[in-house]
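J.: Here's the letter readout for the chains.
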Amino acid sequence: MENGNSTLEQLQAQFGADTFTPQATKDEILTLWMPPAKIVEVLTFLKKDIPQPFRMLYDLTAIDERTRKPDNGHIPYTFTIVYHLLSFERNSFIRLKVGYRDEFPTVPSISSLWANANWYEREVYDMFGIRFTGHPHLYRLLMPRTWVGHPLRKEHPARATEMGPFALYDDKMDLEQAALQFKPEEWGLQRQSDDSDFMFLNIGPQHPGTHGVLRIILQLDGEDIVDAIPDIGFHHRGQEKMAERQSWHTYLPYTDRVDYLGGVMNNLAYLMAVEKLAGIQVPDRVKVIRVMLCELFRIASHLVWYGTFAQDVGQLSPVFYMFTDREKVFDIVEAITGGRMHPNWFRIGGVAQDLPKGWETLVQNFVNYFPKRLKEYDGMVMKNSLFKARTKGIGIFTLDEAIEWGVTGPNLRACGMEWDFRKKQPYSGYEMFDFEVPTAANGDCYDRALVRVAEMRQSLRIIEQCLKNMPEGPYKSGHPLTTPPLKKHTMHDIETLITHFLGVSWGPVMPVGEAMSCIEATKGANGYYVTSDGNTSPYRLRIRTPSFPHMQMLPYITKGYTVADLLSILGAMDYVLADVDR
Amino acid sequence: MKWWLSKPDDPVKATSGTSSYEETVQQSIMLTTVQDLVAWGRKNSMWPFHFGLSCCFVEMATSMTPKYDLARFGAEVIRGTPREADVMIIAGTVFIKMAPIIKRLHEQMMEPRWVISMGSCANSGGMFDIYSVVQGVDKFLPVDVYVPGCPPRPDAFMEGLMLLAESVGKERRPLSWTIGEQGVIRPDKIDVKERRQEARSKMTEFRSPDEV
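Sequence order for the protein chains is X and S. All letters in the first sequence, in the order written, are residues 1 to 582 by the numbering used here. All letters in the second sequence, in the order written, are residues 1 to 212 by the numbering used here.
Next comes chain X alone, as it looks inside the complex:
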């Protein structure tokens, strides 16, 4: 990664030396405060005019600063808007912050600059009550239309049990159902064209093809999709608000359930950020154990995708084969961690326990067994002419479109870009492994499938290397913030005993600062942006998930296709609703 100095110089040359105030952060991403009046100007410059531009809006979020401890040199803003941009040419992120002093600020919208800013701004409006001027559809995105308040504001209650008992009376049912009624005019959709009436088809939130609680409203001209409006938020579990009351340690099980097919991979994304904050370097054995478990989960997740995708386009039997293999992965996961889908097995500064005796045989058996199966599936699914007919040339997007919409992971690589965070910004020791980054050229549904199938082979290669080169050593780092703390550091005197007791009961206190992680998760770039004000729980935790921008792109890539193609596109996208709505 290049350091941010040249970027800062270029920005200062353009906008003057005193426009930006740099801030030091733990993750060493260039962080600049800028005045509200210059948002659009600066972001336009960064996207279009700067050499080696920042072409991807990686994330956009806000922070409610009102209850922050004042003693750490923090500027007393009420709300901060945070923009994360990614430059592929520079291989670096930039973080831009804008502070506001109003209770309900108004911010200029950048939805005309980046296509994917639309949903991010709607989310910020929904969660914080911050309005964006110039936004085309500033409605709630995640919460029901009937909701009162903005959940991520500090005054909004976090617990359901603080909000009074839940009851669903008939009149409330009618009210909620009326709020769910789709009004085409609200979205600027016509009811007729020159020669035909459009039909509005409501798919979901309960539909076998949507892989969960997702609602899509289609505007149809016969069988052809004119427009699609995804309605999300049916799976919103308040994961970000939850972090503000859990301790740094007890938040770990929640991360498992963000991308619920990714298992411990989510732990890793969170821990990469927390360990940056704490300044923990984990031992090599921890790194390799983590990599091995993550790659096993990548295979498990891709297998679910493989089977259900084939099922979506009409093949009923592959899913039975793939789930059988997934069970083989889970046999290993269960032997090592004791859990299946949500092992919650990584810890701050290590893993929960050492690998059990005999793990090598289990992994070796799987490494021997799986390639043959993958070959069989190639014949069963990928070479099947009906499967090809349903997926080739469907749901195409180009590389530029992918970047514009914030697409990452296999979906980006299917457009021909060899971009994998494991290679480009290695974390957790991925630089020590020998593997390739599969890509494809056409960016259609079939190519996305090709990339994922090839990825499973690469994951298996990584697992094999873990098996052959598992380093000896401790499974926890000796850092004082490692949680649970090492037993050997206690029982010396009253001080060590108290430190240990507090570390276990209240949980660790992370130093003041902020850090963002970015890992190559099963579905794309997953990152946690954590802010600590020196407390036992995060002050603010933002989860950047890959499925959210992918889902946002749906209307753009389904236009002109048929309803049957929509299911191919959804299947190839590989999303999990928990990953979209969090």
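Worth flagging that the hints you see were computed from the coordinates, not collected in a lab. A couple of the hints might just be wrong.
[Said to hold, decoys possible] To be clear about the criterion: a stretch of chain X counts as covered by chain S if any three or more of its residues have a C-beta under 8 Å from a C-beta of chain S, and this derived list gives those stretches:
| hint | segment |
| --- | --- |
| 1 | 154 to 160 |
| 2 | 165 to 179 |
| 3 | 208 to 215 |
| 4 | 231 to 237 |
| 5 | 327 to 338 |
[As the list claims (entries may be wrong)] Derived DSS-like pairs (lysine-lysine); straight-line CA-CA distance at most 27 Å:
| hint | chain 1 | residue 1 | chain 2 | residue 2 |
| --- | --- | --- | --- | --- |
| 6 | X | Lys26 | X | Lys38 |
| 7 | S | Lys139 | X | Lys172 |
| 8 | X | Lys468 | X | Lys372 |
| 9 | X | Lys372 | S | Lys67 |
| 10 | X | Lys424 | X | Lys468 |
| 11 | X | Lys559 | X | Lys388 |
| 12 | S | Lys103 | X | Lys183 |
| 13 | S | Lys67 | X | Lys375 |
| 14 | S | Lys67 | X | Lys357 |
| 15 | X | Lys328 | X | Lys383 |
| 16 | S | Lys67 | X | Lys328 |
For every residue, glycine included, the Cβ atom is placed at its ideal position computed from N, Cα and C.
Following the hints, complete the assembly by docking chain S onto the known chain X.
T.: Then chain S, alone, in the frame of chain X:
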């Protein structure tokens, strides 16, 4: 009702007995009551509604795949429409935004209908005591079986289904014009904790987690 199974490789042999008139009638005529027959039929073909909310749904789907094979219990016929389904499995977190839809779907199911609450979120909100989550689906739906776990293993889900089948088999629907109990008489809910207590208290030796 008396019935038996013979395996394909069993040697062919004469049926035991005296070939008396009484015995022949016994073997070819089945006598039962309508409510017993209906309960038996219902118990052995519970058709689940294709409905899932979150993580638990993946484990529920796993129970239909070969390793667990829910088809053994006549419950693999997943129905895409609530009209054709017998049992609705609330597999996952019950979101406030989703609650009116869940209730509507339940109303659309035909009687007799049953509800299994699968996983901690559906049972009680579980670990998600958060503004957007209903603290247990029983706040607005009648629940017949609660399956604990986060998510429950496919085996645990199947056990829940078996428990439900057991009590469905015991349901009584008296067809009567006389004065007395009308409608469905359901058996008491089964307390698995009590049922298992003895076996569990005998479990004293456990495998070490340090070995696979």
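J.: With reference to the structure, classify each hint as holding or not holding.
T.: Evaluation of the provided hints:
1. 154 to 160: With 5 residues closer than 8 Å to chain S, the segment 154 to 160 of chain X meets the three-residue bar; holds.
2. 165 to 179: n = 8 at 8 Å, threshold three: holds.
3. 208 to 215: It holds, with 3 qualifying residues against the three required.
4. 231 to 237: Coverage by chain S holds here, the residue count being 5 at a Cβ distance below 8 Å.
5. 327 to 338: The restraint on the segment 327 to 338 of chain X holds, since 4 of its residues have a Cβ under 8 Å from chain S and three suffice.
6. X:Lys26 - X:Lys38: holds (26 Å)
7. S:Lys139 - X:Lys172: Holds, because 14 Å separates the two Cα atoms, which is no more than 27 Å.
8. X:Lys468 - X:Lys372: holds (20 Å)
9. X:Lys372 - S:Lys67: holds (19 Å)
10. X:Lys424 - X:Lys468: holds (24 Å)
11. X:Lys559 - X:Lys388: Roughly 20 Å separates the two Cα atoms, so the pair holds.
12. S:Lys103 - X:Lys183: Roughly 23 Å between the alpha carbons, so the hint for Lys103 of chain S and Lys183 of chain X holds.
13. S:Lys67 - X:Lys375: Satisfied, since the Cα-Cα distance of roughly 21 Å is no more than 27 Å.
14. S:Lys67 - X:Lys357: Status holds; Cα separation ~26 Å.
15. X:Lys328 - X:Lys383: holds (25 Å)
16. S:Lys67 - X:Lys328: holds (10 Å)
Going down the numbered hints, you'll see the structure goes against none, and every one checks out.
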